[in-house]
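Asker: Numbering (the working numbering), first residue to last: 4 to 479.
Warning: the hint list may mix true and false statements.
[Claimed, not checked] Derived CB-CB ranges, DEER-like:
{"no.": "1", "residue 1": "Gln456", "residue 2": "Ser251", "range": "42 to 50 Å"}
{"no.": "2", "residue 1": "Leu144", "residue 2": "Asp203", "range": "43 to 51 Å"}
{"no.": "3", "residue 1": "Ser320", "residue 2": "Asn350", "range": "27 to 35 Å"}
To be clear, the hints were calculated from the coordinates, so they are not data collected in a lab. Cβ atoms here follow ideal geometry from the backbone N, Cα and C, with glycine treated the same way.
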Amino acid sequence: MKPTQTFLFFLAVGLLLLLTSVVKQNFENNVLLATLQFPSPKDIFAIPEDNNQKLIRSIAKLDSTFNEKEIEKIDTAAIRKRLDSLLTLQKKIQFPGGDKSSLYGFFSKAKTERVRVMHYGDSQIEGERITAQIRDKMQRLWGGGGPGLFPVIPVAPKLSVIVETTGEWYRKVGFGPRDTTIKHNLYGPLMSYAIYNDKDTSEHKIIISPNAKAYATAKNFDKFLIYYGLMEGKCSYTISQENQILKSGVLEPVKWAYIEVSVSNQAPVNVTFKGNSPMIYALSLEKWGKGVIVDNIPMRGASGTDFTKQNKSFFRSTLQTFQPGLLILQFGGNVLPYLDDEKECKNYGRWISSQLKYLKSLLPETAILFIGPSDMSTKINGEYQTYPLLECVRDELKKAALENGCMFWDMYLNMGGYNSMINWVEADPPLAGKDYTHFTLSGTKKISEMLWQAIENEYKEFQMTNKNSYQKLNKE
4 MKPTQTFLFF
14 LAVGLLLLLT
24 SVVKQNFENN
34 VLLATLQFPS
44 PKDIFAIPED
54 NNQKLIRSIA
64 KLDSTFNEKE
74 IEKIDTAAIR
84 KRLDSLLTLQ
94 KKIQFPGGDK
104 SSLYGFFSKA
114 KTERVRVMHY
124 GDSQIEGERI
134 TAQIRDKMQR
144 LWGGGGPGLF
154 PVIPVAPKLS
164 VIVETTGEWY
174 RKVGFGPRDT
184 TIKHNLYGPL
194 MSYAIYNDKD
204 TSEHKIIISP
214 NAKAYATAKN
224 FDKFLIYYGL
234 MEGKCSYTIS
244 QENQILKSGV
254 LEPVKWAYIE
264 VSVSNQAPVN
274 VTFKGNSPMI
284 YALSLEKWGK
294 GVIVDNIPMR
304 GASGTDFTKQ
314 NKSFFRSTLQ
324 TFQPGLLILQ
334 FGGNVLPYLD
344 DEKECKNYGR
354 WISSQLKYLK
364 SLLPETAILF
374 IGPSDMSTKI
384 NGEYQTYPLL
394 ECVRDELKKA
404 ALENGCMFWD
414 MYLNMGGYNS
424 MINWVEADPP
434 LAGKDYTHFT
444 LSGTKKISEM
454 LWQAIENEYK
464 EFQMTNKNSY
474 QKLNKE
């Protein structure tokens, strides 16, 4: 072959190899799908940045004292040491202006009083993921018992309690797509309620049983409550255990009220209704006396922007019934698939800021901890990678929390940062599901332990601060 022919042959082979290298093959429903992707010169000649480098860059962005030239020197020992120190700091709970008084106030109440923690979140906390483990840690440390508030119709099975019903029951929610036939926005503390078909004149029952798989602290209860409202008419009720009536009566029209009764934790609690259906806002199993009650309030599909859509006076009155010492808010993941650019990301941060202002106005004495989203992966060029705007969302949520006097905990960094979800999915046993979004039971235990460690470290510092103050007072 002539030199020109040889050159053209090798050029053609090279182009063919380049073309096949960017054909991504995927199987969906056992059908082979192939897509052609054409890399830019930058993609071809750029040296790929590994996950560790990307994590370091994302950490460096959190400290405004870093400049681009310093970030380029990430392999130097001094810069790495500084970054490691920054990473350790950022994994802790972040406080507005370093002010820890709101959390310390919660700690003071938890030690000596009856105090409530309300954990609102998206589907990441369904089935009491994270909440159950944190509840157990808190109740072991400060006392209390029971699973706290739960709905008649849970969107996912609860770890701590089993709820069964007879008759036709319906769940109505105050977030996401609304039922347009409902002309009010009275949804209560769980942002939802249950009603039954009262055209059916037979009895409607709720049977509540502790789950054998629950933590021992969650099964340690002796008090049962029903939070309800009744629009019109009358409704008779009976609460019983083992065929023994514990309480009965007639409900009359009211916006917000509750019934409480002592119960045993050794047998199912049976509630029977007959007549006009009340709106059952929540049920609760608790321990009489001082200690901690921790509620799990999952809102599937929610982004954390629905609090201001509630009837303000009604929502305030329901929350003030409980006087929570701590609100934990865990949102952000549901918006990621729908954000196109940083402008939309910043808009979301402003929406969350308005929600936090609203909640602070309703509960000015309550500490609020915002938990940022976990790492989440989506397919980019056929490979799972962290959502491009995840760090932007995390940064905007952190900004909103701290500017409104709330605390912030960075779940993304604690998981490992960029592309850490892939490692969690591929771990043995798996720490996250194949949706590259939700934790498995093992993953839930791991991330919950990280969160609890962050809370416990602050509690130890609180104890030491109090001890030092006491010793100083004695010396004076």
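Asker: All hints are to be evaluated individually against the structure, with a verdict given for each.
Answerer: Quick rundown of the hints versus the structure:
Checked against the hint of 42 to 50 Å, the C-beta distance between Gln456 and Ser251 comes to roughly 47 Å, which is consistent with it. In this structure, Leu144 and Asp203 meet the distance hint of 43 to 51 Å, their C-beta atoms being roughly 46 Å apart. Range check, Ser320 to Asn350: Cβ separation about 31 Å, and the 27 to 35 Å hint holds.
Comparing the model with each numbered hint stated earlier shows that all of them hold.
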